[in-house]
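Protein chains in written order, with the working numbering: chain A, 1 to 667; chain B, 1001 to 1249; chain C, 2001 to 2228.
Just so you know, the hints here were simulated from the structure itself, not pulled from any lab data.
Treat each hint with caution, since some may be false.
[To be verified] Pairs of lysine-lysine residues, derived as DSS-like cross-links and limited to a Cα-Cα distance of at most 30 Å, are as follows:
| # | chain 1 | residue 1 | chain 2 | residue 2 |
| --- | --- | --- | --- | --- |
| 1 | C | Lys2085 | B | Lys1006 |
| 2 | B | Lys1047 | A | Lys585 |
| 3 | A | Lys317 | A | Lys412 |
| 4 | A | Lys402 | B | Lys1148 |
| 5 | B | Lys1148 | C | Lys2196 |
| 6 | B | Lys1090 | A | Lys308 |
| 7 | A | Lys626 | A | Lys662 |
| 8 | A | Lys533 | B | Lys1006 |
| 9 | A | Lys400 | B | Lys1090 |
| 10 | A | Lys534 | B | Lys1047 |
| 11 | C | Lys2085 | B | Lys1206 |
| 12 | B | Lys1248 | C | Lys2196 |
| 13 | A | Lys513 | A | Lys568 |
| 14 | A | Lys585 | A | Lys554 |
| 15 | C | Lys2094 | B | Lys1004 |
| 16 | C | Lys2196 | A | Lys402 |
| 17 | B | Lys1016 | A | Lys585 |
| 18 | C | Lys2082 | B | Lys1011 |
| 19 | B | Lys1148 | A | Lys412 |
| 20 | B | Lys1047 | A | Lys525 |
| 21 | C | Lys2195 | B | Lys1197 |
| 22 | A | Lys513 | B | Lys1011 |
| 23 | B | Lys1090 | C | Lys2094 |
| 24 | A | Lys533 | A | Lys511 |
| 25 | B | Lys1090 | A | Lys412 |
| 26 | B | Lys1016 | C | Lys2082 |
| 27 | B | Lys1090 | A | Lys312 |
| 28 | A | Lys254 | A | Lys523 |
| 29 | A | Lys412 | B | Lys1006 |
| 30 | C | Lys2094 | B | Lys1006 |
| 31 | A | Lys317 | A | Lys667 |
| 32 | B | Lys1006 | A | Lys525 |
In this text the structure is predicted, and so the values were computed from the model without any measurement.
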Amino acid sequence: MGNLNSGVPKGDLKNKWTNYKDSIDLVNPANKRNIDVIVVGTGLAGGSASATLAELGYNVKTFCYQDSPRRAHSIAAQGGINAAKNYQGDGDSTYRLFYDTIKGGDYRSREANVYRLAEVSTNIIDQCVAQGVPFARDYGGLLDNRSFGGVLVSRTFYAKGQTGQQLLLGAYSAMNRQIARGKIKMYNRHEMLDVVIVDGKARGIIARNLTTGEIERHSAHAVVLASGGYGNVYFLSTNAMGSNVTAAWKAHKKGAYFANPCYTQIHPTCIPRSGEYQSKLTLMSESLRNDGRIWVPKKKEDVESLRKGSLKATDIKEEDRDYYLERRYPAFGNLVPRDVASRAAKERCDAGFGVNQTGEAVFLDFSSAIVRYGKEQALLKGLDENDSSLIKNLGQEIVKSKYGNLFQMYEKIVDENPYETPMMIYPAVHYTMGGIWVDYNLMTTVPGLYAIGEANFSDHGANRLGASALMQGLADGYFVLPYTIGDYLSDDIRTGPISTESKEFEEAENKVKEQLSSLINNKGKHSVDYYHKKLGKIMWDECGMARTEDGLKKAMKEIKDLRDDFWKNVNVPGGLHEMNKELEKAGRVADFLELGELFAKDALERNESCGGHFREEFATPEGEAKRNDKDYTYVSAWEYKGEPSKAILHKEELIFDNIEVKERSYK
Amino acid sequence: MNLKLKIWRQKDANDKGSMVDYDIQNVSEHMSFLEMLDVLNEELIEKGVDPVAFDHDCREGICGMCSLYINGEAHGPDRRVTTCQLHMRKFKDGDTIYIEPFRANAFPVVKDLVVDRSAFDRIQHAGGYISVNTSGNTQDANAIPIPKDNADLAFDAATCIGCGACVASCKNSSAMLYVSAKVSQFALLPQGQVEAKDRVLNMVNKMDEEGFGNCTNTGACEVQCPKGISLDNISRMNREFLSANIKKG
Amino acid sequence: MSKSTFYTSVGYKILMALSGLFLMFFLAQHLTINLLSVISAEAFNDASHFMGTNPLVQFLLQPVLIFAVVFHFVMGFILELKNRKARSTDYAYKNPSTSSSWMSRNMIISGITILAFLALHFLDFWIPEINTKYIVGDMSGLMPDGSFRYFQELQHEFQSLPRVIAYVVAFGFLSLHLLHGFKSSFQSIGLTNGKKRATLHKFGNIFAILVPLGFVFIALFHFLTQSH
Ligand SMILES: Cc1cc2nc3c(=O)[nH]c(=O)nc-3n(C[C@H](O)[C@H](O)[C@H](O)COP(=O)(O)OP(=O)(O)OC[C@H]3O[C@@H](n4cnc5c(N)ncnc54)[C@H](O)[C@@H]3O)c2cc1C
Ligand code: HEM
Ligand code: HEM
Ligand code: SF4
Ligand code: F3S
Ligand code: FES
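Work out the full structure, taking the sequences as your base and the hints as a guide.
What follows is the structure, encoded as structure tokens:
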């Protein structure tokens, strides 16, 4: 077990980034023209990085598996993006955002990175507004904010329930400008299947053209992975169907350490599953918890009648409802962080209070908010405060203006009107804090290979606060990577173009082709989805919201067996040299089957509960997570050794100089 | 419920393609349309038949990747939803469902139900951006207040997901709704004013070059658009186009 | 204006709209004058004579009108052809009525009907008129008996039932054409917006129904008030 060097610059926390930027090597503009950079991914991280690198003058080649860069899964982010602007004057500051993020992450993230993130957060908003991102505004024409879970200030900027979309389209437009100038060459419908390492440095990738099936070699002086998170290892998650770990996993197998794979965020407010055929889960933005109150019935009889359909939620009297978050966490109430809210929902459902047939749902109720807003409006407009149907109408209008699209989405999926009856929600896999290990420069353990956005192990420790992933993706892409990569590339100004004719490219290409052919030629008896669903079930049961030593050991074994079975019995129809969606899926599932095992191994190794990682053995008597700071204040970075189970652990000790490490309490 | 599906099958861009019939049993009304196709594909794979290729990704109506033409309507019979948000409760036992790709010469079929919409991207390259550097050295975000009404209208226009349903449902295969949404978003914001004239001219030129048809204001696009992008945007673009020409002289 | 401006789809649209707007303006004017024939033969004769001999009308408005008509339908055909070419493989199953009106989808059909009507109409009125005035060279507008010929000629045309039927059918199609054309032209030049849209639509529908109805009335009036 080695100790990893994160390369954090010396000096005062507040000045680290500024000093660092002042002291790094720069590449002169004329030389940038001779340097190629590959970016894999066009989400907020990859899109913003591609645009900025191109603008600086590098030749950028960008890849995404969708038919357009605009469709990266960042598009789906709903709630908002944090920034320490303090426009609301409620006491926000860079330090407070830093503090909240470290605390929210359960003291498992790197101080210097988080501080830098908080510091550049304000630039993001300026940048996006200049690009024409239509954030929500108040009647004075100024930017509006909302609050999110786990914090006491309103620092979240939003564009209705489509913040990710608007930010991504901003980055997409910045990319388009560079594509038009010829500085970005865009490869849509291309999937990266390996990194190529030449003389110890990342020098290119092997990609499959998903339209023709052709295997292509692409070279560059540096490779940036911005390929998003791996939540789909659970099969069901709020990720897009194509979200995958392939790019990151292939990098891992080529030497990049994989950090904290077990840190997964299970989001408390998602639409419960409805049947076996379910292909994915849909998130209902956390912002709903600003106005929605979460509850289950107090009485078991009521639960029974709800499930039978003989009782409606609205019939249950106020005193028979258990607003369990407000009960357990009076200070934060419904706005506790996600991990806490999710576990609390699971606790109630496990205790038999789940409100739907499957027993896996709780209510998210807007009726008090509707009344509150209705009264407020009635007062403002000088109308009768006691006319309850008027109040309801007025209140519904306000709720509609805030969450209209989310309510519509819910109604389309569930076929129930959430303005009238409470929503039913249940936690679902949503985000992966873990990812490829990177140093302060966002470089992985492979020189010249960078990872940004959700793909890296990021700044969120063991739990991410709402609205911070968008912030991190854009911070990495617009403001951090473009500086730090220059420091590395300054050595490459005389290298000249990288040839794709080397034996390293040849080898990598052959391996990729081999894997694809063996999938196609296998002609087994089960479809890819069969395996993916099985893997998902193991992951959810044993590596989900609560984990145990026995369960994790069992998971490791089961996943290994499933993987062996996959390679023996999978059936991938179609051919290699054509568009073949099953083949694409097969490659992704093959990698998930390896990652899953490392995931369980990591969870097993971490004998504590922190953030999204909850081990039943390590809990307080009230059922709250119990950290073990003495033994586990480190990042687990795993080195690949031929098999996930044989991975070697490297530790990066986490040092907290600027913040007091405390028990994380939201009571 | 049990359904009869008539699906467009086409091996690749050069294949002629044809409609093929499939039967599917025991479809739950709570399934989404794409989940129904997933089930069909699982059955096809089991039988050794090539599964039906279709585009999809987010499955929550925001990425714009899914794209089917179902019973003569883009994204099917429900309104304000994408195909991935369409649920089987919109159909009845015994129904026959026609499933075709979005059709327009500017959207060539790649395989089965998958089409190539890169023409949309190329239109954006022609001007769908504001030329600011991404350096972060911009002025404070609150330096220019923007009236809420304009901000809201700009937002509404900006919610276009680039799915192409407007083109698919337009009898002329016109991309006016899509292009006008982007032109409008920027025309409504002070940041977008500077380049407004060139933007509208360049984007319209590119749109024509890509082989989309001419709008004759039939309005089908607005009805079929999953995001409810308004015809007002087309009107605004026409106005912007006129005034850009007059001002440029 | 830049040279290439109107060679774009939006440019064509705007020109199409301008010609359409002009034609609608002409139609309103034409209806007014022709309605006079119902009220008083004399007034109609005076107005017709004025219009028929006023140089401004004859040598400016008339050529503009002819140009507008020709431009409008030629352009209509060109656009229709282009639009058909934009989708060479059509859908197997079509269900267009769920999202657009018949009128809006079939402007070419209503347009062709109007064109056919115009051909007949020109044969009936315009060609004899031009013949009398510019070929024969009789600018007096008088008949041998010394009274104006216009009203007589008009009445004469509406003696035949088949012609009246043809006219009335054509006016029906004109109404369909305008039911879409009116609002469409405002949309094309960018004047429909937000709240204005609904008002314009209402007004457009009234125009599109009343104007052709007016023509129907004239045709029937003259047919019914003559002895056959
Ligand atoms: C439903 C939902 C709601 C969310 N809401 C919020 C929110 O309100 N606030 C917030 O801060 N965060 C939110 N998040 C989290 C946040 O959206 C993501 O963490 C973030 O957008 C990730 O951005 P990214 O750029 O790292 O990756 P992504 O946006 O996922 O992009 C990944 C890119 O990589 C490409 N790619 C992947 N693999 C390959 C490959 N092998 N080859 C080639 N290309 C590849 C893809 O094509 C894509 O372009 C939400 C997430 C979800 C799922
Ligand atoms: C006096 C007679 C006519 C009037 C008043 C008239 C009026 C209009 C108007 C107002 C429009 C809408 C323009 C727009 O959308 O911008 C229109 C469109 C159209 N007209 Fe006519 N029209 C007439 C004759 C004809 C004729 C003879 C044809 C011949 C084919 C024709 C074919 C069309 C077509 C195809 C369109 C649709 C094109 C489009 O909307 O862009 N019209 N007409
Ligand atoms: C009952 C209905 C109508 C009557 C009685 C009528 C009568 C006439 C007459 C008398 C003329 C000759 C006038 C002249 O050239 O000075 C004329 C010309 C013309 N009419 Fe009509 N008309 C009728 C309907 C229409 C309609 C519906 C249209 C259009 C769709 C139309 C289009 C024209 C045109 C384009 C000319 C040629 C005008 C010119 O060049 O001056 N008419 N009409
Ligand atoms: S305008 Fe509507 S239909 Fe057209 S691409 Fe945008 S969202 Fe799709
Ligand atoms: S459907 Fe087509 S005709 Fe115009 S109004 Fe929409 S683009
Ligand atoms: S799959 Fe993303 S919109 Fe349908």
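(request) Take the C-alpha atoms of C/Lys2196 and A/Lys402, compute the straight-line distance between them, and say whether it is at most 30 Å. (result) holds (27 Å)
(request) Starting from A/Lys533, check that the Cα of A/Lys511 is at most 30 Å away, please. (result) holds (27 Å)
(request) Decide if the proposed pair is consistent with the structure: A/Lys402 and B/Lys1148, CA atoms, cutoff 30 Å inclusive. (result) Status holds; Cα separation ~14 Å.
(request) Mind checking the alpha carbons of A/Lys626 and A/Lys662 for me, to see if they're no more than 30 Å apart? (result) holds (11 Å)
(message) Does B/Lys1006 sit within 30 Å of C/Lys2094, going by the straight-line distance between their CA atoms?
(response) holds (13 Å)
(request) Take a quick look at whether A/Lys533 and B/Lys1006 sit within 30 Å of each other, Cα to Cα. (result) This hinted pair holds, its Cα atoms lying about 28 Å apart.
(message) Next pair to validate is A/Lys254 with A/Lys523; report whether the Cα-Cα distance is within 30 Å.
(response) Given that 30 Å is the threshold and the Cα spacing comes to 29 Å, the pair holds.
(message) Run the distance test for A/Lys534 versus B/Lys1047: straight-line Cα separation, threshold 30 Å.
(response) Satisfied, since the Cα-Cα distance of roughly 21 Å is no more than 30 Å.
(message) With the threshold set at 30 Å, check whether the alpha-carbon distance from B/Lys1248 to C/Lys2196 stays at or below it.
(response) holds (28 Å)
(request) Starting from C/Lys2195, check that the Cα of B/Lys1197 is at most 30 Å away, please. (result) Satisfied, since the Cα-Cα distance of roughly 26 Å is no more than 30 Å.
(request) Take a quick look at whether B/Lys1016 and C/Lys2082 sit within 30 Å of each other, Cα to Cα. (result) holds (23 Å)
(message) Against the 30 Å threshold, does the CA-CA distance of A/Lys585 and A/Lys554 hold or violate the hint?
(response) Holds. A/Lys585 to A/Lys554 sits at ~26 Å (cutoff 30 Å).
The structure shown violates none of the earlier numbered hints.
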